[in-house]
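For chain A, the structure is supplied; the task is to place chains B and C on it using the hints.
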Amino acid sequence: MSTATATDSNKKAPAGERVADWADGRLGIYSLAKANMRKIFPDHWSFMLGEICLYSFIIIILTGVYLTLFFHPSMNEIEYHGSYVPMQGIRMTEAYASTLDISFDVRGGLLIRQIHHWAALIFLAGMFVHMMRVFFTGAFRKPREINWLFGFLLFVLGMFTGFTGYSLPDDLLSGTGVRFTQGAILSVPIVGTYISMFLFGGEFPGHDIIARFYSMHILLLPGIMLGLVVAHLILVFYHKHTQFAGPGKTNKNVVGMPLLPVYMAKAGGFFFLVFGLIAIISALFTINPIWALGPYRSDQVSTGAQPDWYMGFAEGLIRVMPGWEINLWGHTLVLGVFIPLVVFGLVLGAIALYPFIESWITGDKREHHILDRPRNAPTRTALGVAWVTAYVIMLLGGGNDIFATHFHMSINAITWFVRIAYFVGPVLAFVITKRICLGLQRRDKEKVLHGRESGIIKRLPHGEFVEVHEPLSQADRYKLTAHEQYAPAELGPEVDENGVRRKIGRMEKLRVKLNKGYYGGDNQVAKPTSEEYREITSGHGHH
Amino acid sequence: MKKLSARRRHPLAAVVVLLLALAATGGLYAAFAPADKAQADETAQSLAIKEGQKLYTVGCASCHGTGGQGTSDGPSLVGVGSAAVDFQVGTGRMPAMQPGAQVPKKKNIYSQTEIDQLAAYVASLGAGPITPTEEQFDPAEADIANGGELFRTNCAQCHNFTGKGGALTEGKYAPALDGVSPKHLYEAMQTGPQNMPSFPDTVMPEQEKRDIIAYVKAVNSDDTPSPGGFGLGGLGPVSEGLFGWIFGLGSLIAVAVWVAAHTAKAKKS
Amino acid sequence: MSSQENPEENLPAEQGSAHDAAHAGGTTVVQHDEDPLADPGLPAHKPRIQDIDERAAKRSERTVALLFTLSMLATVGFIASFVIFDIDKIIYVWPLGHISALNFSLGLTLGLALFCIGAGAVHWARTLMSDVEVADDRHPIEAAPEVKAKVMSDFADGARESAIGRRKLIRNTMFGALAMVPLSGVVLLRELGPLPEDKLRKTLWAKGKQLINMNTNEPLRPEDITVGSLTFAMPEGLEEDDHDFNTEIAKAALMIVRIQPEDIKDKRELEWSHEGIVAYSKICTHVGCPISLYEQQTHHVLCPCHQSTFDLSDGARVIFGPAGHPLPQLRIGVNAEGNLEALGDFEEPVGPAFWERG
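Chains as they are written, first to last, in the numbering used here: chain A, 739 to 1281; chain B, 7 to 275; chain C, 196 to 553.
Derived by calculation from the structure, the hints in this document are not laboratory data. If you're wondering where the values come from, they're calculated on a predicted model, not measured in any experiment. By construction, the Cβ of each residue, glycine as well, lies at the ideal position given by its N, Cα and C atoms. Just to be clear, a hint being listed does not mean it is correct.
[What the hints assert, rightly or not] Derived contacts from chain C toward chain B, CB cut-off under 10 angstroms, selection only:
1) R243
2) A314
3) M409
4) T426
[Stated by the list, open to error] Below, a list of computed lysine-lysine pairs in the DSS-like style, where the Cα atoms sit at most 27 angstroms apart:
5) K880/A / K241/C
6) K1185/A / K343/C
7) K343/C / K990/A
Next up, chain A with everything else stripped away, as it sits in the complex:
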């Protein structure tokens, strides 16, 4: 009887369960699944920006592997005799020739190349927007600072992976970019020439750079990025996702729908949507038609030579910089190239370190899982907008020749505009953004206290016209008042009650000053309190 039951239950267990049992005995998957299978994810479109990046990264890896099957990372020169007529008999490197072959002689090769390149542009654009979302909502605060750094590193590595990939076909456009890189390296004081010689295996362009970029592009950089992506995702799971304030949503919970099944379907489905859209874009729109560019030759060039957009900001810096060069004691300091190189690092570094700077200024050591609405952190928002402004102005500078021809302007005028705007623009953006944020805070306060303007005009018995204000629901009132407001920091008395002088460090003084800049005086609008609300609504209805 007992044996019969045993075989009975054996029969009953479906195949899937038996496989899972087998795996659990070796991997402990049930414990993993217990913690994660019904994990809750909040719903908001901006939380899917990171997914766009993840999926385009996966698409890039899939298509990239396919491309390696046909690409020859070699600078050996050959005469082209493939299908593309306007290149017949032209001398070119195998790298360029094999890229032509991928485009014209491999069925579907062109599509995969275009998917790879479009996905790369979208990957970096996605990372940029994702990073801005995290910045403006304060999602980088404790405990997520490290994950912010991981994300930042992914963006920077993505830039360089993109750049090395853009260079691989060894066409006239990308070769010009490599030439620029070499010139920029040469500008580095003391070690520049050595780094250049070592990187290129001798003088520019030499015969090594494509092969070296290739190993960086397909192995070194994506390898590091893959590791960082995994770490980034593990931390997202571990910290659980942030959420916007709302009814029932607190700093101690996360409200949304479970991974299985809703997010499995939504996130999994979104992967296919992203891949599908990028494939459709690649079917309809050309990207980097290398056959039109010609093979790289160090004495040839074309106008309109730009890097892909994510390097455009560096390109802008280098274009608008005045040509400063200092010759002293038999040495040359190439400031005209080196300063942009340093500024490039500083601008990126500033955004990377921001979470640490902000937490130092606020002195806030608590965990934050509720997102800020950008208006409720006016100084941070204004700083972010100023940063983006500086970035975008340089991006414009990087395309100054294209803008000059297409908007009938002088390239010199655009360059001067960018030179000035780079300093003026961010300041203006900061001031204006802060004003807007405070205005929005005031409007929120109005709404909470007086309700929403309904657009219904009422005529009172004595002839006065008033607009009816609809009171907000409890949920909306909560949403608009859920944010915390910091009180500005105070230095405190220099002499304590016992008459002992307290020593206040210079850093502490600076911190308090900055803190007041964030939260003192006019830098935030006090949010409405329950008492204010009661006072206003206790009288007679709405007016």
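Coordinates of chains B and C only, in the frame set by chain A:
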């Protein structure tokens, strides 16, 4: 109407108004924007039957002087040759309409016969490059690949990889080569109009000019294949980047909004 | 009808009280029942049409199934396109232009196949899976003090047992060894390339080398070069199929124009020219792009990469942009055969500036 006023303050009203305003602005602009009209038709009318010097006296002498010796408004035409006249007038650059960084290409107002008459007159002022004949510029038998190589050495630096044009200093520009006839391409290389340097036969023989013309015609004409799809103007990473941001990332974000949005609830009964 | 169950703890009443107790870190929100700004808790779940109307649910089901079916058809279409279309078949598609039939059909079918899977899955999730919002508690990331104490004592035990603190000799030599061993890797990197030496200072140009026209591969003669023309030259002896052609031309590329001698403002430029024919390095002194956007009326030459502008009638002085010094000029003359020749190498390094340039 009441409904409309009640919804005026709806949270989405601002968005709707903005969209309407944008659509209206675009529509108004399209309606009122100055269309590219043929200009100075009446001058063409009145000059149509005159010839050579008469044409010159009326159309050119005010800037280039009565004998082509040049004035402060226009360079001397002595020795520029008939090819230069054929190019400048044939592409509509001359007579120039207004001073500016550069004289733009526009609709040609002279017939070929009149241009030939003008060219003959200017050529009589002093020897210069002669209007090329059909066999000089006809690219039919030329080597496209060699033309490409020559184009990238001599032309692409200003005119872009496939002749989409590019910027020069102080508002000047190298024009796009779309739709420029082989003859005019040949004459431009021969004579170096405006700020373009010339490429005389001594340093770039006729055959090479034909190769270049063949290349331009192969990569920059209405029926040039663009295998990968729409070419985005052939301007490279700037237009690709803009497209990637606006349409690429834009469409993905639109989809993300749909994925993340809450499904419509059943109306309360 | 919805068969989804609504777990008790997600009901608004439950939610509200649970969260009031554990409200956001730090702030003290006084909770009265009548507090007008208090958190009302998770709103009650409202059903969708699909939850209460089986017909609507069926419609959703059919839509999802249709999308998945479309995807299958699109994959069939992909395979069919792969087989049918020649790789060089060009078709006209309005408004895209003359495009590859293969790329177009493969991309569209692949895109459709993928997109439909995604759209189906998302539509399924949005209309048929439960849309009940659930709250999950968070737990502080920091370990409890007991846990921390245990870890610290374990670590102290381990450190003590290893005796790393006591046996300083072991510790110091170990750190020394670990610090030194990566040096081997650094030393290996030395093989990446040669030392700079004077490589950046020398080009192929030398006294007596003729200027070869890049277009015709013939020596240039002064009478070939007219005022207003632009010509590119390379040194005699360099061939396009030389192994190091690209490396050599990267330094030796030459741009030749002719300027009326009276228009040349720089004395040395005039001296180094031949009857107004001047030869300048084609390599921009900023970061090395081949600069050659020559405006024949102004004698300005513009770099297409970063818009450095040089005045060729005035010693190639920088008049705009990020370049730090003028383009190097090559001193030229005419040899016995009447061809243009170099009278030596450039007197300064060509191309971008570098630390040792001086």
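Against the structure, the hints:
Annotation: interface hint on R243/C holds; nearest CB of chain B at approximately 5 angstroms, less than 10 angstroms. A distance limit of 10 angstroms between C-beta atoms decides the matter here; for A314/C the minimum to chain B is near 9 angstroms, and the interface restraint holds. Among the interface hints, the one on M409/C holds; its C-beta lies about 6 angstroms from the nearest C-beta in chain B, closer than the 10 angstroms criterion. Annotation: T426/C was flagged as interfacial toward chain B, and the flag holds, the nearest CB pair being 5 angstroms apart, inside 10 angstroms.
Annotation: proposed proximity of K880/A to K241/C is violated, straight-line Cα distance about 35 angstroms (limit 27 angstroms). At most 27 angstroms may separate the alpha-carbon atoms for a hinted pair to count; K1185/A and K343/C exceed this at roughly 47 angstroms. Of the pairs offered as hints, the one joining K343/C and K990/A holds, with about 22 angstroms between alpha carbons and a cut-off of 27 angstroms not exceeded.
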